[in-house]
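Starting from the known structure of chain C, arrange chain U on it as the hints suggest.
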Amino acid sequence: MPRLRELAPLQTLALALFFGFLVAAPLAEEWLLKLATRMAIFAMAAAALDLALGVGGMVSFGHAAFLGLGAYVVGIAFVHGFEGSTLAGFEPPADIWRQMLIAMLAASAFALVTGWVSLRTRGVAFIMITLAFAQMLYWFFVSLRRYQGEDGIALWNRSQGLFVDLEPQPNFHLFAVLCLLLFTLLALRLYHSRFGRVLRAARDNERRVSALGFPIVRFRLVAYGISAAATAVAGVLLANATWFVGPSYLSWPVSGQLIVMVVLGGMGTIFGPMLGAALFVLLEQFLPDLLDLLEPGAGEHWKLVLGPLLVLLALRLRRGLFPALARGRPGAGAVLPEVDRG
Amino acid sequence: MDPLLLLQQTLNGLQLGVMLFLMAAGLTLIFGIMDFINLAHGAFYMLGAYLAAWLAGLFDAFVPSVAVALLLTAIVGFLVELVVARELYRRDHLYQVLATFGLVLFFDELVKLLFGPQPIFLEPPPWLEGQVELFGAPYPVVRLAIIATGLASAVFLWWLIARTRLGMLIRAGADNREMVQALGVDIATLFALVFALGAAFAALAGAMAGTIVAVRIGMGEEILILTFVVVVVGGIGSIRGAFVGALLVGLVDTWGRALLPGLLGLVFERSVADAAGAALAPMAIYVLMALVLAFRPQGLLPARG
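Chains as they are written, first to last, in this note's numbering: chain C, 1 to 342; chain U, 1 to 305.
None of these hints come from the bench; they were simulated from the model.
Ideal Cβ positions, reconstructed from N, Cα and C, are used throughout, including at glycine.
Honestly, I wouldn't trust all of these hints.
To be verified - Coverage of chain C stretches by chain U, computed from C-beta distances (three or more under 8 angstroms per stretch; other residues unrestricted):
no., segment
1, 114-125
2, 133-144
3, 304-311
To be verified - Under the rule of at most 25 angstroms between Cα atoms (straight-line distance), these lysine to any residue pairs were calculated in the SDA-like manner:
no., chain 1, residue 1, chain 2, residue 2
4, U, LYS112, U, PRO124
5, U, LYS112, C, ALA298
6, U, LYS112, C, PHE286
7, U, LYS112, C, ASP151
8, C, LYS34, C, ILE76
9, U, LYS112, C, ILE76
10, U, LYS112, C, LYS34
11, U, LYS112, C, PRO170
12, U, LYS112, C, ASP289
13, U, LYS112, C, LEU293
What the hints assert, rightly or not - Okay, the calculated bits of chain U under chain C, using three or more residues with CB under 8 angstroms as the criterion:
no., segment
14, 106-116
15, 268-279
16, 282-291
Just chain C, same shape as in the assembly (with noise of 0.2 angstroms):
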């Protein structure tokens, strides 16, 4: 992640039109502001994931699971004002800012416990762990009959804002893209403090920087909490985009659409995974189009498509777009070297 002053011209410029699309689209027809909001919240949880596997080299499949804890809490809130009861003595907050609060403290609270458990392996193993622990949340709130189990819960109002009704959908998507300004000044800092600089060059030389001393468990631990939180506050956000939570969203195919969206942007960059984010759900909106104007019918099947797609991504890209992007400038994009595995 470069810094704003070291970024490349056309990576300024991808960034720019990224960003100027997203502010401006309360001005579009109301399709194209949804897909918007759906572009911003993506690219936060995107980023977010970024956060563990390119910045900290920890390849999570499982983020699809804080994305639902944070969606559930905005369901679980609904259920409970509309019944106007209680949960365990509490009245859950129907306000955007303790939901979120609540969001970030139950996702990393839950990363803390599995990442202690899974961080204990490496490579592959951790893949697999972290996809078996999503699983689980999965398998737990589809068999949640409380709160609507397999079907999920239908959202009629979306949750109350601080300052702003957040009803009107270009209320609602402009605070979006605000959550999604301030991760992104936030995650500046983090990779540029001593924290970010340790997990980075632990993720690169992992023998060296435990030489030196650091704890690297404790360091990806940490890291790994964040990009939890994170991606609840993203959770949060797409429940209320969509007035729809359910345990789809806890569904391994949800944790590898957001590695898609990671190592299509160019990982352990932050911004490209945005960007990366953006280019997914365009694609996801139009693929199926494009495919029915080629063959009447074909796009319902349009997977049969993003298959192969993806399969000759993993075989063709080395560093993904925005690195691509600063080409001929060293520096401008982190890249990162693979790993020897010899």
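Okay, now just chain U, sitting in the frame of chain C:
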């Protein structure tokens, strides 16, 4: 607790366990030799089930249909290795995840296109229908047949790995790939064979599952994640570990679902215990995994080397 019910549940757990072993054996061999993570292993399971059900519906011959389904899935596995996996052995795990995730999306959609979104069924043949009396409790013959087939496959696999030349090469490849290559063994072909073998075992597990539950899209991913738990619990790259892990996970999952509501009922009210039991039972195996990792991060029976 009714001892007969416990016996039934134990047998059900064994039956899930042997199916998981068939899945885990292929997956763990691929990890062990090539350090490759294959999310599409669940797709082989699904393909095996669909092909077996489709062929059995066409030809009304159960055993040949399953055999052909195994063969076809093995060919698909071979092709997947040739076209995709082979290019990714030396890349980071992340790219393996990305590519095989793409394959899962592709195969799921392909099956939906070919066989439709509705679940289909694999009718067991007449000689597998009905129930037998076990210590006075009725138990379906087809489930016993699954346990027997699974155990027989485990013995076959042990023979293949421990007693044949191919197995020796596989074990040597897992220990030290470069050395085997330097000795003149075509490791690429060897691995393609292991991949195809793993796919065939997954297809067998899928076909067996098809005789007791509906064959549907997404069945592969569910069992894949359980298989990951098995592999982590047993120890990556270890066939013995996969066997022990599979039986353990199968039993804990089945017992958890059957017994947990009753156990909670000793402490809580009936309605609370039922609801909590239903929500907590699916989590039992993940708790098992966490416990194993906390005390033995390398798994119960890790591969040597």
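Now for the hints, and whether the structure bears them out:
no. : hint                : in the structure
1   : 114-125             : holds (count 8)
2   : 133-144             : holds (count 8)
3   : 304-311             : holds (count 7)
4   : U/LYS112 x U/PRO124 : holds (23 angstroms)
5   : U/LYS112 x C/ALA298 : holds (13 angstroms)
6   : U/LYS112 x C/PHE286 : holds (21 angstroms)
7   : U/LYS112 x C/ASP151 : holds (22 angstroms)
8   : C/LYS34 x C/ILE76   : holds (24 angstroms)
9   : U/LYS112 x C/ILE76  : violated (34 angstroms)
10  : U/LYS112 x C/LYS34  : violated (29 angstroms)
11  : U/LYS112 x C/PRO170 : violated (38 angstroms)
12  : U/LYS112 x C/ASP289 : holds (19 angstroms)
13  : U/LYS112 x C/LEU293 : holds (21 angstroms)
14  : 106-116             : holds (count 7)
15  : 268-279             : holds (count 3)
16  : 282-291             : holds (count 5)
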